[in-house]
Amino acid sequence: MIDRLYYFIMVPMVYLAVAWCLIGIAAKIVRLLKAPQHPTTLQIFPETKTPLLAALVDTFTLPTVREHRPLLWFFLMTFHVAFVLLIVAHLDLIPQLSIVSGASHHMIGHGAVGVALTVSVLYLLFRRFRAPVRELSVPSDYILLLLLFCLFLTGDVISWANSWGQNGFVLSKQDFGAYLNGLVKFTFQDPSEVLSGGHYTVIAVHVLLANLFLMILPFSKIMHSFFALPLNALRRA
Amino acid sequence: MEENQKKELLELFADKLTRAARLYLDNCTRCGVCIEACHVYQSMPETRYTAVSRAQNIRRLYEKYFKLSGKIAPWWNEAVELDDAWMDRVWETAYTCTGCRRCMTFCPFGIDTGLIQSIAKLLLIGSDREPKVLTMLADVSISKGRNIEATKKSFAQAVRNLEAEVIEKWRSEGGEEAVPLDVQGADVLYVALAGKHSIVPAAAIMNAAGEKWSLSYFEAVNFGAFVGNPKKTKEIAQRIIDEAERLKVKEVAICECGTAYRVMKHMTGKHSFNVITFVELIARYLREGRIKLDKSKIDARITYHDPCQIARQGGIYEEPRYILKHLTDDFVDLQSNRRASYCCGGGGGLVIMGDKEFRMKSAKVKVDEVKATGATILATACENCHSQLSDLMEYYGLETKVQFVSGLVADALVQETASRKVPAATSEEPQLQLTAKAG
Amino acid sequence: MSAHAVAKVLDLKGLPCPMPVVKMSQEINSVKVGEIIEVHTTDPGSLADFPAWADTTGNEVLETKQREGSIQIFVKRLK
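Protein chains in written order, with the working numbering: chain A, 1 to 237; chain B, 1 to 439; chain C, 1 to 79.
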């Protein structure tokens with residue numbers, strides 16, 4: 001029974017979650033594009049000659065946060081940069097994409113990316129428990145951060161505990177690659193065949209949390225990852 | 001709240017859901033960076049006086065009625081019912097905020113609380129809960145525009161009666177009207193307020209610069225914008241646009257009234273004429289040497305309050321400072337200035353609404369900054385700010401005098417300029433003529 | 001001189017925009033229906049403001065007089 005559950009999480013649910021996520025994001029974007037444009041400018045002065053460039057800088061370097069909340073800025077930048085690296089590192093696992101040399105048994109960052117994310121997400125979570133941010137927060141704010149924390153923690157377990165075995169790696173980058181290769185090629189192969197050993201449960205939990213994250217994403221504030229740029233462009237132009 | 005009314009209100013809400021509004025309502029992460037942005041929070045640190053809390057009052061309704069998550073799991077983002085009790089929160093969003101948009105310079109996404117506030121204001125109008133004084137003023141404004149022909153003659157007479165005061169500040173040449181009306185092909189249509197303080201100094205300055213100008217029959221202020229009624233805002237602005245087009249003017253200069261400028265410049269589309277603030281015009285005259293100012297007239301330290309509607313919302317930061325530096329060598333900026341300037345606390349109609357206690361307490365941060373400069377003159381370029389700042393100085397017992405930039409300039413005009421030298425012998429004539437006419 | 005029997009005189013000279021009309025709105029309730037308020041102002045805009053206000057609120061401007069430096073407006077409370 002548990003094997004069938006693991007299989008569902010590791011294969012069909014991944015497809016469902018990705019499809020759900022992509023459709024949800026597309027629906028959100030379509031709905032937004034269908035809404036009428038605002039009739040007046042929402043710009044804040046002074047003007048810049050290159051509003052798009054300024055909006056890009058605003059989006060990717062968070063200058064207003066740096067100015068008013070330097071510590072939050074540090075963790076936000078750590079979090080977001082590490083998140084991008086995390087996506088790259090996961091894509092790197094797919095043999096067809098292999099971004100860096102396939103020789104290493106480690107994921108990109110050797111586990112440091114995950115730790116950076118875990119620490120920064122903990123900071124983001126803990127600051128929510130303090131006034132006045134606590135008074136502004138709604139359940140989804142905590143739940144999303146908690147979900148991310150659990151997701152990152154299981155990821156850390158996988159990437160760190162992975163190399164604790166006496167014989168070196170329990171599971172290597174190449175093993176994960178084999179699992180993802182099966183997913184990419186729609187082989188519907190049971191992943192437990194390529195991801196052997198005691199870590200399989202942790203991996204299943206990790207994938208379950210990732211699936212949940214993908215399913216919630218289009219309907220949550222995490223959509224700011226797509227809309228931060230157009231938002232900043234409104235302020236700039 | 002009756003179902004019918006709720007339905008109507010939700011339709012009003014839906015009409016406001018532009019792309020920008022949806023972006024603002026969907027993406028706030030409640031990071032709290034905006035908390036300290038608000039002058040009200042700075043003066044009275046309660047969470048409800050933060051930009052994010054005000055926005056949440058509307059966002060939680062949006063969640064309930066316009067989002068899937070609010071329908072499936074209302075607890076997720078704390079979706080709320082639209083009912084009579086919640087309308088009190090909607091009121092807080094609309095009228096504890098002055099729409100200064102300082103918070104927009106804190107938010108990492110640049111979420112515009114002003115836009116969210118406009119939804120709140122519309123819901124209040126729709127449920128007949130808006131401040132009646134603001135609606136009354138908007139209605140008076142509209143009625144005035146419709147009956148303008150009936151009052152044109154007496155307005156012209158009243159303007160003639162002001163000419164002697166204009167001439168006191170600047171001697172006009174013989175045969176010229178000190179306050180011209182209905183000038184076809186004028187370069188500048190000056191749109192003033194009802195009060196003579198917004199006509200007399202401006203007229204003297206434009207006459208000194210030898211401007212070909214005309215005074216508008218209409219007042220600049222737009223109460224439709226204060227109450228948040230887009231239809232009335234447009235109707236009030238349209239008659240100035242019509243007048244400018246009829247006279248074929250090149251520029252419309254808006255008197256020192258922030259809302260009037262923002263509405264005309266940024267909220268009424270493109271025009272056949274250029275829209276400027278009167279301080280821009282003064283700065284231009286100074287740059288071009290068309291007027292000269294006597295620095296010895298003012299022996300005081302001057303500071304300047306940036307009116308939100310012409311500064312953050314209009315980009316007029318340097319012109320007033322340029323002018324003031326022609327009036328004194330002792331100009332000091334407030335600690336938070338230009339883009340970072342705190343609101344005076346009277347914006348968004350608050351100065352008219354009557355809750356003086358809130359207005360005074362919520363703007364303490366401004367008073368503290370004025371005090372720290374040691375300035376004895378606090379200049380500004382907005383009628384609304386002027387009223388509020390004057391009340392503040394009195395309430396907190398400061399000696400600092402609040403003055404319009406135009407008023408300071410008019411009092412310091414050097415009578416003999418290169419462009420217009422008026423012979424002493426003839427300078428008396430217009431005064432005599434006009435006094436006779438006025439009597 | 002005015003032939004109106006004035007119940008109250010309001011000095012609204014030099015007030016910032018839009019206080020003359022706001023004050024008028026408040027003060028109209030301090031006289032009885034049928035009584036007259038005499039307003040003194042210096043604002044040229046009042047000449048259009050007060051008739052428009054009266055129109056909107058259902059009151060009546062009986063007469064407007066102009067002298068140099070001052071405007072007198074007589075308003076009758078109708079409701």
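Simulated from the structure, these hints should not be mistaken for laboratory data. Hints are not guaranteed to be accurate.
Computed cross-link-like contacts, DSS-like style, restricted to lysine-lysine with a CA-CA straight-line distance of at most 25 angstroms [what the hints assert, rightly or not]:
1. B/K67 x A/K34
2. C/K8 x B/K361
3. B/K153 x B/K132
4. B/K231 x A/K34
5. A/K221 x B/K361
Taking CB as the label site, the calculated pair distances span [unchecked claim]:
6. B/A340 x A/L52: 55 to 65 angstroms
7. B/R246 x C/G14: 30 to 40 angstroms
8. A/P230 x B/A73: 36 to 46 angstroms
9. C/E68 x A/P230: 56 to 66 angstroms
10. A/H110 x B/A73: 31 to 41 angstroms
Every residue, glycine too, gets a C-beta built ideally from N, C-alpha and C.
Against the structure, the hints:
1. B/K67 x A/K34: This hinted pair holds, its Cα atoms lying about 15 angstroms apart.
2. C/K8 x B/K361: Violated: C/K8 and B/K361 sit about 33 angstroms apart, past 25 angstroms.
3. B/K153 x B/K132: Distance ~31 angstroms between B/K153 and B/K132 Cα, so the pair is violated.
4. B/K231 x A/K34: holds (23 angstroms)
5. A/K221 x B/K361: violated (35 angstroms)
6. B/A340 x A/L52: 55 to 65 angstroms: Cβ of B/A340 to Cβ of A/L52: about 24 angstroms, so the range 55 to 65 angstroms is violated.
7. B/R246 x C/G14: 30 to 40 angstroms: This hint holds: roughly 32 angstroms between Cβ atoms.
8. A/P230 x B/A73: 36 to 46 angstroms: Since A/P230 and B/A73 have Cβ atoms about 27 angstroms apart, the given range 36 to 46 angstroms is violated.
9. C/E68 x A/P230: 56 to 66 angstroms: holds (58 angstroms)
10. A/H110 x B/A73: 31 to 41 angstroms: holds (39 angstroms)
Of the hints listed earlier, those the structure fails to meet are numbers 2, 3, 5, 6 and 8, in rising order.
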